Structures are given as structure tokens and as C-alpha cells.
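From just these sequences and the hints, can you work out the full model?
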Amino acid sequence: MSLLELDNVSKRFGGLMAVGKMTFKVEKGEILGLIGPNGAGKTTIFNLVNGYYPPTTGTITFKGGRIDGLKPHVVCHKGLARTFQVVKPLARLTVLENVMASAFCRTDRREEAREIALEATAFAEMEEWRDRLAGGLPLGMRKRLEMARALATRPELLLLDENFAGLNPAEVEKTIEIVKKIHGSGVTILIIEHNMRVIMSISHRLVCINYGEKIAEGEPRDVADNQQVIDAYLGVAHA
Amino acid sequence: MNRKTILVSAGLLLLAAFPLAVQNPYVLHLLIMTFLWVLLGQAWNLLGGFTGQISYGHAAFFGVGAYTTGILVKSGLSPATAWSGLLLGGLMAALIASVIGWICFRLRGPYFSLSVLALAEVLRLVAVNWKQLTNGAEGILYIPAFRSKAYYYWIILAIAALAFVVIRAVMRSKFGFYFLSIREDQDAAESLGVNTTRYKLYSLLISAFFTGVAGSFYMNYLGFIDPGIVFSISDISIMMILVTMLGGAATLAGPIVGAVLYILVSEFFRVWVKSGHLIFFGILIIFIIIFFPSGIVGTISQSRAGRKLRASAERKAAA
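Chains as they are written, first to last, in this note's numbering: chain A, 1 to 239; chain B, 240 to 558.
Since no wrong hints were added, every one of them can be taken at face value.
Among chain A residues calculated to face chain B with C-beta under 8 Å, some are:
| # | residue |
| --- | --- |
| 1 | ASN50 |
| 2 | PRO72 |
| 3 | HIS73 |
| 4 | HIS77 |
| 5 | ARG82 |
| 6 | LEU90 |
| 7 | ASP108 |
| 8 | ARG110 |
| 9 | ARG149 |
Note that these hints are calculated values from the structure, not bench results. As the structure is a prediction and not an experimental result, all values here were calculated from the model. All C-beta atoms in this analysis are idealised placements derived from N, C-alpha and C, irrespective of residue type, glycine included.
Structural data, given as C-alpha cells:
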């Protein structure tokens, strides 16, 4: 049994088929990269898995149980956390309070939530920023906060939505290190990323989509060499 | 116990001992009204300030609390039952709140704010027209149980203090963190495990309960209610918002400061200028919103936090 299975999942917004007949699996323990040009429907897939939207058709299974149609907070309690591409910090709370708020997913006690939050912020290497208001963080740290918050919910599967976008090279290296550390602690990861160097270096497998449909799946090398993938990114030559 | 707790307890003890020293009914009346507004401000602040769900119609809950007590009195039960109305008034307000919250909190945006405004108006019209139950526009008259104002003083002081302690404890718990995260970003809260519909409802229930208790106390103390007074948009619903904003929304001390200022300003105008207290209070609010948008307490604590941050930055730079 795979950790996460999408079977024939579609999402229609009025006349627009944002995701069509999507089928793929995320195996326990892997890092699966989800790539595709802008507007291909990657974030929509996250929103479907996370419960933000119900799918129009198809089923989504997590740890053997159906999760399609469940609310995000229920999905979170089942052990599936996500970060947002457009970061959503709780601006008027400190970094530590932000992470504590999500740690309450696993405990009702304030002290315990604080422990979890201290641990998660340390894991995301942002100890120095704990007492700062989240609204005043630079972008790199906001992206880091997204990860710390998701970690504090103690997920088995973590969905990372473009956590590398807008980072400088040093921050990119640091974030790769953190993602690998998260993976090393036993968390399965599904990641959306445009930075090809990053995605090729950390993913075990890739799924490439375009116009809401899967066009390739497999080892990173093979997917990168796939003609359809190249066409999707670079356009078809009319020679 | 830290220093702050000791200071607050000492302050409360002093306040409790006050009527033993001063029996002037006018002074006691002003303090009673101040405590009543502290209670109302705290109640609104929990939902509007901390949870970010702006209510334009808390008079609905105030009025339901007041009329619950009023109807108990009118039905000819002994005067003591009026006090049982305190708890019952709060519970009735929470019951009404649970219905409106259950319907509206599934939606986002201004639906709740507007629905509760409409609710207060609907309830006012019901109170005007359902004459057998409410005496209609004539209102309900009741001879207050105690001659001495000191008893009312102690009762409302105790209720306001209780509300303060409860809300402080709530805000330090999981509930408080969830309320704040709903205010800051509902999508983020939802995906981090917060059942936003349910927690908004919890916040509303606590808020409506204390507002209903306040309404019930009002009936007990002043001995007269009519629909125009207790379901008033300007004197109750909007004033609850203004008192909170003036002192500082989403701060524990804000509604206290706001209530003290409100009573002082309106008394000053009533006694010395004879009229116009609402106009002046309105001007004061405009001034506060323009220059201190976080309210008085909010602005003070912000500048304090800023100083602390600068000081620690300087220490780091020096080291």
C-alpha cells in the first residue's frame, strides 16, 4: 500500500479543467518531485490532497483511507501537512507562537506545544528568529517558518510548495539541507519546485504535469530527457 | 505567582474594599457602569479583537440577557429569581449565538458581521411586538432588590473580574492560539489543524454568554428595560466596539481603559456641558483611529516592544 494514492482525480472550475484524470502514488519514505510549467495545476493538486478543494471526480487515499472531501484540519490531524507557495504567516504573532499554534494539533497542553515548537524551529534552523513577529520576517525566513509550522504538526507526509522560490543561492543550499534532514527523520515528501538543479538533486522520482494532466513519471533523469517534458517547458519547434 | 498577578489581586482587593469607605451613590453608580462596560468590552474583544470576527450586533445578546431576566420578573416570580436570570440570561444569549454562529461561520467575509446586526434588529422588533411576553414598547419595570448600591458594585465587579480571568486563561491556552490564528489567516489555520468553524463558534459562545450576563445585570440594577434601550445599535452594539477600539482591541487591558474613558467622558459631558457626549466621544474615537490605530493600550505595548527590540539589537551590536 502506498502512503498517498491519487486515482483518476479531476478538478473542474466552471469550464476550466484544472486537473484531469490525475493518477499517481507517493511511496512511504520517498521524495517525489512534482514539476510542470506555470499554471499546469501543481498547486491545485496540493489543494485537492490537502482538502482545500474537494475533487470533482476520483479518489484520494492516505494511509489506506479515503481523504477526498475531508476538511484541511481533519487531513492535518491524519498526518498530512503542507506549506504554502504564497506564504501565510500569522503576522502579528511571533515565530515561536506561530509554530506553537500548529503544535496544538498534537497536544492540548501549552508547555508541550512549546516543546514541540522549540524543536521544530531548531530543526528549521531559525532559533535566532523565535521572538520576532512573523510579519516582519524576510522572505527566506518566511519560507523557513512555513516548514517549521508544518513540521510541528508531526506529519508523515509533507507537501512542500515552492519553498525554494525567491531564495538566494546560500539560502537554497541551506533549505536543501533542511529538506534532506526532514526526510532523514522519516517524513515522506511531495515537493513542487521549479528550480531544476534542486529538484534533480533531491527527488527520488518525478511526476511531470502539463495542462492538468500527467505527461511523464519516473526516475529524474528519464523524465528530464522525455521529449514531451522538454516540449512542455521549451515549446515545440516548428522547423 | 509573579509580580503582575500580585499587583492585579491587590488592585482588585482595593476596589472591593472601596464601597466600605465611600458610600456616595453617585460615585458608586459611575463605578458600577464602568465595570459593566469593562465586562461588555472584554466580551466583544474576545470575538472581535482576538478572533477577528467583527460583530455589529452584540446588542442582540445584551438584550436577550436583559429580557430573560425581565420576563422572569414579569412572570411574577419572587425578586430573588431576577438574580437567577444572570446565569440564565447568559445561557439564553449563548443559545441564540450558537444558532447564528452555526449558520454564518461556515461562510467567510462580512456575512457574520451583517447577520448579527440584522439579528439584533429582528430581536428588537420581536420585543416591541410580542406584547404578552415583553410588554412591547412600554418595557418592563422592576423594583431593584437592594437599596444599597454597594451590593451591585460587588456583584458586577466580581463578574467583570471573572470575565477577565476566564478570557486571560482562554487566551493563554490552545483556544487562544487557535483564535489568534483564525484572525491572522484562516486558510493557514485550517491547514494547520484548526477546525475554524468550530473555534469561531467557541469564541462567539463565550463572548455572547458574558454579554448576556451583562444585559441581565443591567435589568437587575436599573430596574427598567425597553426594546429601544437594550437592543440599541448605537448605545450597545456600536459602543461595545468603540470602547474596545479606544482602549486597544486584542489586548487584555484595552477594554478596561476604554470603559473608564467612556464613562468619564460621557459623565463629564452630561453634567458640565449637558449634551453632546456622543459627538465628543465620536471625535475622540476618530482621533484615536487616525493617530493610534491600535488603541491606547495597543500603542503603549507596541512602543515598549519596539524599545526592547532596539535595546537588544544595540546590545548585540556592542558585543
